[in-house]
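Chains P and F, in that order, give the protein sequences. Letter by letter, the first sequence follows residues 83 to 485 of our numbering. Letter by letter, the second sequence follows residues 38 to 536 of our numbering.
Honestly, the hints are just simulated from the structure, not real lab data. These figures come from a predicted structure and were not determined experimentally. Careful: at least some of the hints might be erroneous.
[Unchecked claim] Here are some of the chain P residues that sit facing chain F, going by a computed Cβ distance under 8 Å:
| no. | residue |
| --- | --- |
| 1 | D162 |
| 2 | I245 |
| 3 | K304 |
| 4 | R365 |
Note that CB positions come from ideal geometry on N, CA and C, so glycine has one too.
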Amino acid sequence: MSASPSASASPLHLAVALDGAGWHPAAWREPGARPNALFTAAYWAGLVAEAERGLLDFVTFEDGLSLQSSHPTAADERTDQVRGRLDAVLVAARIAPLTRHIGLVPTVVATHTEPFHISKAVATLDYVSSGRAGLRVRVSARPHEAAHFGRRTFPGVGEGGVIPPELAADLLDEAADHVEVVRRLWDSWEDDAEIRDAATGRFVDRDKLHYIDFEGARFSVKGPSITPRPPQGQPVVAALAHGPAAYRLVGRSADVGFVTPHDTAGAEAAVEAVHAERTAAGRADDPVHVFGDLVVFLDDDAATAAARRERLDDLAGTAYASDARIFTGTAVQLADLLEELSAAGLSGFRLRPAVAGHDLEGITRGLVPELQRRGLFRSAYEADTLRGLLGLARPANRYAATA
Amino acid sequence: MSKPTTGKPVTPGKPVKQIHLAAHFPGVNNTTVWSDPRAGSHIEFSSFVHFARTAERAKFDFLFLAEGLRLREQGGEIYDLDVVGRPDTFTVLAALAAVTDRIGLTGTINSTFNEPYEVARQFASLDHLSGGRSAWNVVTSWDAFTGENFRRGGFLPREERYSRAREFLSTANELFDSWTGDELVADQATGVFLRDARAGAFRHTGRHFDIAGRFDVPRGPQGRPVIFQAGDSDEGREFAAADADAIFSRHSTLDAGREFYADVKRRLAHYGRTHDQLLILPAATFVLGDTDAEARELAHEVRRQQVSGQTAIRYLEHVWNRDLSSYDPDGPLPDVDPDTTEHTIARGRASVRMFRDPLATAREWREYAEAHKLSIRELIIEKTGRQSFVGSPATIADSIDAFVQADAADGFILVPHITPGGLDGFADTVVPLLQERGVFRTEYEGTTLRDHLGLYHPRTAADPERRADAERLADAGQRADAERLADARARSLDGRAAS
Ligand SMILES: Cc1cc2nc3c(=O)[nH]c(=O)nc-3n(C[C@H](O)[C@H](O)[C@H](O)COP(=O)(O)O)c2cc1C
Numbered sequence: 083m084s085a086s087p088s089a090s091a092s093p094l095h096l097a098v099a100l101d102g103a104g105w106h107p108a109a110w111r112e113p114g115a116r117p118n119a120l121f122t123a124a125y126w127a128g129l130v131a132e133a134e135r136g137l138l139d140f141v142t143f144e145d146g147l148s149l150q151s152s153h154p155t156a157a158d159e160r161t162d163q164v165r166g167r168l169d170a171v172l173v174a175a176r177i178a179p180l181t182r183h184i185g186l187v188p189t190v191v192a193t194h195t196e197p198f199h200i201s202k203a204v205a206t207l208d209y210v211s212s213g214r215a216g217l218r219v220r221v222s223a224r225p226h227e228a229a230h231f232g233r234r235t236f237p238g239v240g241e242g243g244v245i246p247p248e249l250a251a252d253l254l255d256e257a258a259d260h261v262e263v264v265r266r267l268w269d270s271w272e273d274d275a276e277i278r279d280a281a282t283g284r285f286v287d288r289d290k291l292h293y294i295d296f297e298g299a300r301f302s303v304k305g306p307s308i309t310p311r312p313p314q315g316q317p318v319v320a321a322l323a324h325g326p327a328a329y330r331l332v333g334r335s336a337d338v339g340f341v342t343p344h345d346t347a348g349a350e351a352a353v354e355a356v357h358a359e360r361t362a363a364g365r366a367d368d369p370v371h372v373f374g375d376l377v378v379f380l381d382d383d384a385a386t387a388a389a390r391r392e393r394l395d396d397l398a399g400t401a402y403a404s405d406a407r408i409f410t411g412t413a414v415q416l417a418d419l420l421e422e423l424s425a426a427g428l429s430g431f432r433l434r435p436a437v438a439g440h441d442l443e444g445i446t447r448g449l450v451p452e453l454q455r456r457g458l459f460r461s462a463y464e465a466d467t468l469r470g471l472l473g474l475a476r477p478a479n480r481y482a483a484t485a
Numbered sequence: 038m039s040k041p042t043t044g045k046p047v048t049p050g051k052p053v054k055q056i057h058l059a060a061h062f063p064g065v066n067n068t069t070v071w072s073d074p075r076a077g078s079h080i081e082f083s084s085f086v087h088f089a090r091t092a093e094r095a096k097f098d099f100l101f102l103a104e105g106l107r108l109r110e111q112g113g114e115i116y117d118l119d120v121v122g123r124p125d126t127f128t129v130l131a132a133l134a135a136v137t138d139r140i141g142l143t144g145t146i147n148s149t150f151n152e153p154y155e156v157a158r159q160f161a162s163l164d165h166l167s168g169g170r171s172a173w174n175v176v177t178s179w180d181a182f183t184g185e186n187f188r189r190g191g192f193l194p195r196e197e198r199y200s201r202a203r204e205f206l207s208t209a210n211e212l213f214d215s216w217t218g219d220e221l222v223a224d225q226a227t228g229v230f231l232r233d234a235r236a237g238a239f240r241h242t243g244r245h246f247d248i249a250g251r252f253d254v255p256r257g258p259q260g261r262p263v264i265f266q267a268g269d270s271d272e273g274r275e276f277a278a279a280d281a282d283a284i285f286s287r288h289s290t291l292d293a294g295r296e297f298y299a300d301v302k303r304r305l306a307h308y309g310r311t312h313d314q315l316l317i318l319p320a321a322t323f324v325l326g327d328t329d330a331e332a333r334e335l336a337h338e339v340r341r342q343q344v345s346g347q348t349a350i351r352y353l354e355h356v357w358n359r360d361l362s363s364y365d366p367d368g369p370l371p372d373v374d375p376d377t378t379e380h381t382i383a384r385g386r387a388s389v390r391m392f393r394d395p396l397a398t399a400r401e402w403r404e405y406a407e408a409h410k411l412s413i414r415e416l417i418i419e420k421t422g423r424q425s426f427v428g429s430p431a432t433i434a435d436s437i438d439a440f441v442q443a444d445a446a447d448g449f450i451l452v453p454h455i456t457p458g459g460l461d462g463f464a465d466t467v468v469p470l471l472q473e474r475g476v477f478r479t480e481y482e483g484t485t486l487r488d489h490l491g492l493y494h495p496r497t498a499a500d501p502e503r504r505a506d507a508e509r510l511a512d513a514g515q516r517a518d519a520e521r522l523a524d525a526r527a528r529s530l531d532g533r534a535a536s
């Protein structure tokens with residue numbers, strides 16, 4: 083085992099994905115879970131404080147515009163799993179004043195939302211967190227979710243959970259347009275647009291406010307934003323990707339892509355695919371992080387972790403399956419796995435705690451110290467903004483005249 | 038020190054009303070003075086924190102945020118003389134919930150450029166995250182100009198703005214009520230998380246919305262957010278009488294206030310509602326001084342800050358509907374008449390619709406300016422946006438109390454002109470006087486905004502017990518009123534005895 087610090091290896095970035103009581107459907111039944119507190123600010127504040135104690139780069143907040151379901155494309159009527167959740171942007175905003183360093187990345191559904199609203203919401207999250215905002219964009223092809231809005235239908239999506247590839251590609255293209263509008267709106271105010279010039283009576287220099295004049299296949303947006311450019315200039319955009327069309331979205335639009343490799347070869351392929359798309363989108367010079375997603379069951383010994391997983395599966399009545407690889411074991415074993423996968427080009431990981439009330443601490447109090455011992459993780463926050471933590475410079479404004 | 042309080046009821050025998058007070062974060066219009074050295078950021082969170090904490094320290098009912106979804110323009114260019122830019126309403130209110138405990142959080146959210154499912158989940162979430170302090174000011178700006186920022190564009194004809202607003206709100210209410218509040222069991226032993234497999238089920242079929250499915254946020258502490266309405270038209274008033282808990286009005290003078298108050302309260306009976314179910318809270322500005330004379334002087338100074346020469350010309354352009362940039366603000370009014378063809382000069386602001394007969398307004402203003410020898414700037418200072426309350430703390434406390442007792446209002450939404458410190462003086466000097474005379478709370482009695490406003494907590498529409506409950510609560514409310522009244526009388530007698 084590599085127990086000594088390997089100074090040559092580049093440090094890893096670590097994020098945690100928060101979702102209800104945890105990612106296992108029976109997580110809420112574990113002793114450390116607080117299922118009665120899921121709809122309180124205190125619950126989320128506690129989880130994010132723990133993540134910040136562990137010096138993590140950021141947390142993501144899962145979200146959707148329908149109740150959780152065990153079925154990929156349809157609603158269910160289960161009563162034995164967590165159902166219901168709070169709006170992710172608002173949860174992130176509620177936590178922002180209570181934290182100082184950690185990035186806050188809520189999930190936003192591009193398919194049914196207005197890019198104008200999303201842009202100012204995330205810009206405002208950036209203000210209330212002093213530069214720690216991001217957004218994780220996703221699409222929805224679920225017919226029942228569309229029925230909550232009544233403005234479009236997805237007739238091709240079957241009960242079997244199959245989304246026609248053309249529809250998926252179409253929704254992801256639309257999401258890329260959505261992000262493009264969100265990003266242009268963030269730049270629609272130059273940083274020094276507010277002048278407060280008493281001599282001319284002008285509060286702003288209107289030459290530094292810009293119409294974005296976006297015209298796309300599905301919508302057009304005029305601009306400028308009603309919210310000035312956020313502290314980071316461009317808050318961090320992330321997306322989860324499992325295949326070519328989603329890799330294209332990451333390559334075109336994101337600063338961080340979450341991928342779900344099950345081994346080193348899968349990690350290499352995903353990293354390569356994202357970088358190819360990035361180059362194709364003309365962003366070869368923009369840094370893009372590729373993070374591996376893993377579900378984690380962490381305990382002091384591997385047998386305990388395996389037994390816990392089994393117990394939860396029993397409670398759920400079925401073995402837990404995930405798009406991401408499921409890790410069961412100790413912090414040392416997980417550190418080994420992360421080291422191995424990162425060698426394939428992943429710059430970080432987004433860990434999905436199987437049980438938030440247990441595995442989050444497994445990460446912050448077990449994995450993090452282990453990675454620190456190996457010289458693979460920070461020992462103090464070295465920046466005040468999320469871009470700073472991720473090593474991303476504050477970008478120039480696309481509309482600013484270059485002197 | 039202060040002059041003796043005269044908080045006697047206007048009508049003998051009429052109960053003394055408790056005053057409601059709210060704080061409006063200074064907005065993107067020329068009420069807000071940005072040129073003052075004390076004027077801070079309108080966007081940094083620290084300004085919002087300062088403002089909200091001051092209002093909470095003063096035991097205000099709620100904080101109020103306005104919203105406009107497109108930057109205002111004049112003459113085809115972004116209007117640059119006023120404060121420009123503001124945060125997203127929901128996001129900043131959720132963050133403020135973290136730094137305050139009791140004060141209500143009211144957000145202005147448009148019913149044209151949003152969808153009920155999304156807005157309902159945002160308000161229900163805010164209600165959970167704030168422990169029951171959310172409120173929604175439903176506004177209906179519908180214009181195609183604003184629509185250019187949205188996927189749907191400017192799709193709604195003007196005459197349908199309230200038809201959509203009403204259906205929007207009733208749909209949102211169906212979503213709030215789709216959870217009754219007792220579905221969450223979360224019993225770890227038995228594995229029952231939800232009592233009801235169809236929790237959140239809804240179906241709404243109407244002219245503007247045809248949606249069905251299951252709402253995904255369990256019922257918040259208040260059940261529904263408190264509903265505000267701010268439109269002034271006949272349809273707007275009907276909407277308020279039917280569906281709102283409070284009105285944000287612009288009628289802040291005594292006579293206009295009383296007339297408006299009587300008008301909308303009269304409309305309530307038609308909807309089976311009683312007078313105490315709709316609060317009238319006009320927007321009000323104020324200028325405080327140590328003495329009345331000092332306050333009057335300060336008020337004039339503030340007016341000059343609010344209306345620069347450039348602002349005066351731009352304001353005149355609203356009425357004239359033409360480019361007047363070549364006129365000298367310190368000179369006389371234009372001889373040329375207003376352009377009465379389609380209004381094009383200013384877009385994205387409410388005041389545009391205030392001048393229904395520009396020719397008459399122009400004539401009246403010219404005559405007034407000549408008679409009083411006023412320049413353009415002096416005239417605009419005179420004719421627009423005079424402060425509602427000017428005086429020493431005692432004078433302002435007197436006026437506010439008198440207005441409320443005279444049924445010109447149930448309280449006020451105060452709009453300071455300085456960000457973020459513009460409320461500090463009011464909190465420190467006027468509020469204690471109102472408390473002394475027993476017409477304003479000294480401590481929050483409840484935890485939710487409905488508690489502060491004395492509004493009942495709605496059960497679900499489907500709940501057969503709702504009506505009985507409402508009646509019980511109404512009885513209890515009357516009892517509480519009687520107790521508060523006795524208490525207030527005792528306290529104001531004490532106050533008088535001490536002075
Ligand atoms: C005091 C007051 C404040 C208002 N504030 C806003 C606001 O912040 N945002 C907005 O879009 N509309 C605002 N409005 C506009 C109204 O809510 C309403 O939607 C609009 O005036 C059209 O309705 P009406 O014809 O009934 O007046 C305000 C109106 C009043 C009277």
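Hints, one by one, checked against the model:
For the restraint placing D162 of chain P at the interface with chain F, the shortest Cβ-Cβ distance is roughly 5 Å, inside the 8 Å limit, so the hint holds. A hinted interface residue such as I245 of chain P counts as satisfied when its beta carbon comes closer than 8 Å to some beta carbon of chain F; here the least separation is about 18 Å, so the hint is violated. Evaluation of the K304 of chain P hint against chain F yields a held restraint, the C-beta minimum of about 4 Å falling below 8 Å. Given hint, R365 of chain P at the interface with chain F, is violated; its Cβ is 26 Å from that chain's nearest Cβ, farther than 8 Å.
The earlier numbered hints that this structure contradicts are 2 and 4.
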